[in-house]
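Sequence order for the protein chains is A and B. Under our numbering, the first residue of the first sequence carries the number 1, and numbering increases by one thereafter. Under our numbering, the first residue of the second sequence carries the number 1001, and numbering increases by one thereafter.
Since no wrong hints were added, every one of them can be taken at face value.
Derived Cβ-Cβ restraints for the label pairs, each shown as a range:
| hint | chain 1 | residue 1 | chain 2 | residue 2 | range |
| --- | --- | --- | --- | --- | --- |
| 1 | A | D29 | B | T1117 | 24 to 34 Å |
| 2 | B | L1079 | A | M159 | 48 to 58 Å |
| 3 | A | F306 | B | R1174 | 19 to 29 Å |
| 4 | A | Y30 | B | E1175 | 54 to 64 Å |
| 5 | A | C174 | B | R1174 | 44 to 54 Å |
| 6 | B | T1117 | A | L302 | 17 to 27 Å |
| 7 | A | R317 | B | V1124 | 55 to 65 Å |
| 8 | A | D199 | B | L1089 | 21 to 31 Å |
| 9 | A | L302 | B | R1174 | 19 to 29 Å |
| 10 | B | M1129 | A | N146 | 51 to 61 Å |
Calculated from the structure, these hints are not laboratory results. No experiment lies behind these values; they were computed from the predicted model shown. The beta-carbon is built from N, C-alpha and C at its ideal position, and this holds for glycine as well.
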Amino acid sequence: MRTTTTRDIALPLLVLAALACLPLLGPPDYFMHLAITTILVALACTAWALMGRFGIVSFGHGAFLGVAAYSMALLWNLQGITPWIGLPVGVALAALAGALLGWPAFRLRVVGHYFALVTLAAGEIVRILITALRSITGGSLGMTPNQAPPAEAFAAMQMSKAGFWWLGLLAWACGLLAWRLLDRSMTSKALAAVAEDEDAAASIGIRVAREKLKVTLLSAALAGLAGGLTAQYRMYLNPETLSGLGVSLQIVFGAIAGGMYSLIGPTIGAVFTIGLDETLRIGFGTQFIGAAPLIYGLLLVLFVLFLPRGIAGLLERRRRRPGHDVPAAVARGAPGDVAVPATEPPRA
Amino acid sequence: MDPFFLEALVNGVLLGGVFALPVLGLNLVFGVVDVIWLCYAELVMVGMYAVWFLYTQAGWPLAAAFAACLPIVAALGVLLHVLVVRPLLHAPPINQVLATGGVLFVLQGAATLVFSTDFRSLGVEMPPMEVGEVFISGTKLAAFLAALAGAAALWAFLKFTYVGTAIRAIARDREIMPLMGVDPRRIYLITSAVGGTLAGFAACLLVVQLDVHPFVGLSFGPITFMICVMGGLGNMLGGFLAAFLMGLIVSVGGFWWNTEMSYVVAFVFFIVVIFLRPRGLFAR
Chain A
1 MRTTTTRDIA
11 LPLLVLAALA
21 CLPLLGPPDY
31 FMHLAITTIL
41 VALACTAWAL
51 MGRFGIVSFG
61 HGAFLGVAAY
71 SMALLWNLQG
81 ITPWIGLPVG
91 VALAALAGAL
101 LGWPAFRLRV
111 VGHYFALVTL
121 AAGEIVRILI
131 TALRSITGGS
141 LGMTPNQAPP
151 AEAFAAMQMS
161 KAGFWWLGLL
171 AWACGLLAWR
181 LLDRSMTSKA
191 LAAVAEDEDA
201 AASIGIRVAR
211 EKLKVTLLSA
221 ALAGLAGGLT
231 AQYRMYLNPE
241 TLSGLGVSLQ
251 IVFGAIAGGM
261 YSLIGPTIGA
271 VFTIGLDETL
281 RIGFGTQFIG
291 AAPLIYGLLL
301 VLFVLFLPRG
311 IAGLLERRRR
321 RPGHDVPAAV
331 ARGAPGDVAV
341 PATEPPRA
Chain B
1001 MDPFFLEALV
1011 NGVLLGGVFA
1021 LPVLGLNLVF
1031 GVVDVIWLCY
1041 AELVMVGMYA
1051 VWFLYTQAGW
1061 PLAAAFAACL
1071 PIVAALGVLL
1081 HVLVVRPLLH
1091 APPINQVLAT
1101 GGVLFVLQGA
1111 ATLVFSTDFR
1121 SLGVEMPPME
1131 VGEVFISGTK
1141 LAAFLAALAG
1151 AAALWAFLKF
1161 TYVGTAIRAI
1171 ARDREIMPLM
1181 GVDPRRIYLI
1191 TSAVGGTLAG
1201 FAACLLVVQL
1211 DVHPFVGLSF
1221 GPITFMICVM
1231 GGLGNMLGGF
1241 LAAFLMGLIV
1251 SVGGFWWNTE
1261 MSYVVAFVFF
1271 IVVIFLRPRG
1281 LFAR
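This is chain A alone, in the form it adopts within the complex (with noise of 0.2 Å):
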């Protein structure tokens, strides 16, 4: 662990501020979309690979974004309570989710497979509800925020592309920041020994299910953002966009094709996923529906195949020299051996 140095300070600063200058040079709508759905995707990306990185993956991050956006559209449609209050409350709920998923799996060491597929049960269900209670969210139709009147907009988030841009921006450092907190915290220490071996992480006096807890909370807490981000820009809300399998594996394509090991690697992957969503789009327009899925498969099992660090992974590989300093989980080993708990439970 080293000191926090005004260059460690400033740099991201600039950073943020040089990107938060975007809007002003008048980009093309076209683009400014792009980079809104693009910044908000990273979001849930990093949000993913905060616990996916030690071994705790899951196939239900869709649930934790559905979740945070339909309650916040929700409260505003059923009780008019702005979206300035019912986005934290969907983020808090988005986060008690994790908890009651997290909490009982944890303790009980649901792990490896078990555990993602448990995580894959629970996004469904969450998928289902959403379509089944069609009666308050509009089922597999989708919902739309009302619209407020144009003196209000502002007061219930229904803002310019430039305001969701910073809000997007915001939110997008807030997860960056809280990754940063992590690795400097024994939380980050703890699992990753956890993540090499759970039992032997439990001898040394580690809490492993509150130390995976932590850092679930605050994985759903930041999809949560993502979800209700993403739903009050679109203005819609869609369950099959919003939850269920789909968009679940998405974000953990994005985190794996960016590389899950490193701060930036999510957002990578996701520069890379909405890039080829569009150049794909773009590329085959409706003429060749199904080419675009079929080319992101393809990549997917290559990325999984040579490159299972990611982009990220790559770049790092160069640029590593004497010295430079690594975090932990980019510095403990060959690209096979990642951060994946042995410990599964034995067969019957």
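Assemble chain B onto chain A, guided by the hints.
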């Protein structure tokens, strides 16, 4: 007893029979190769398209289309193993699951590209039967009986053939068996082929009950995984029994509430089971 409730019970058992085959296939592959094929339901989807295409487009007799479906999906299973799973045998489980998840997208995309997103129906229906006051769909009953026969054939293969014994041995101890002269590479290949064949068999039974579309796998894929885990991953008998349990929950839940809520109940049940019995319902 209420005849509709009785009908729900019967349908639950029949549904369980349909779940049972993909569950057995997945369990076999996991138990032996130790890799979860996240794209298993999509292999079934490809098989369903194969039957649909051969029967309605190429004009083959239905039996011939069924017969062709098995080797096609078996070959796909082998391909999946050689191209994707084998290079990742020693990779962390998450990477294996993700890679087969990528194959899921590939198969869905390929199916959309070739067959479009239209719902395709085989248009084969057997007359329903009336037993007492209960109506039983002839198609579902036939599929159920075929599934039982398939499960019995798999059991006999594993129990009485030399290769089957080797497969069981590898599943028991993958370190020792190579020393006893079993070539795990060959066994993994054979297991993948058998797993693929089971997916093809499941496809034959499903294609007469469901319309085929590129995303049909998502309608029974997640629940198949949950059944496997509930029965205990790699535990064939446990998975088989859990399939019927899940079939009953979905069917009776659909009778009491509606189909959507019945899936919610089934998934919640799954999560609770994993919390209480992490090694599966039937672990010793």
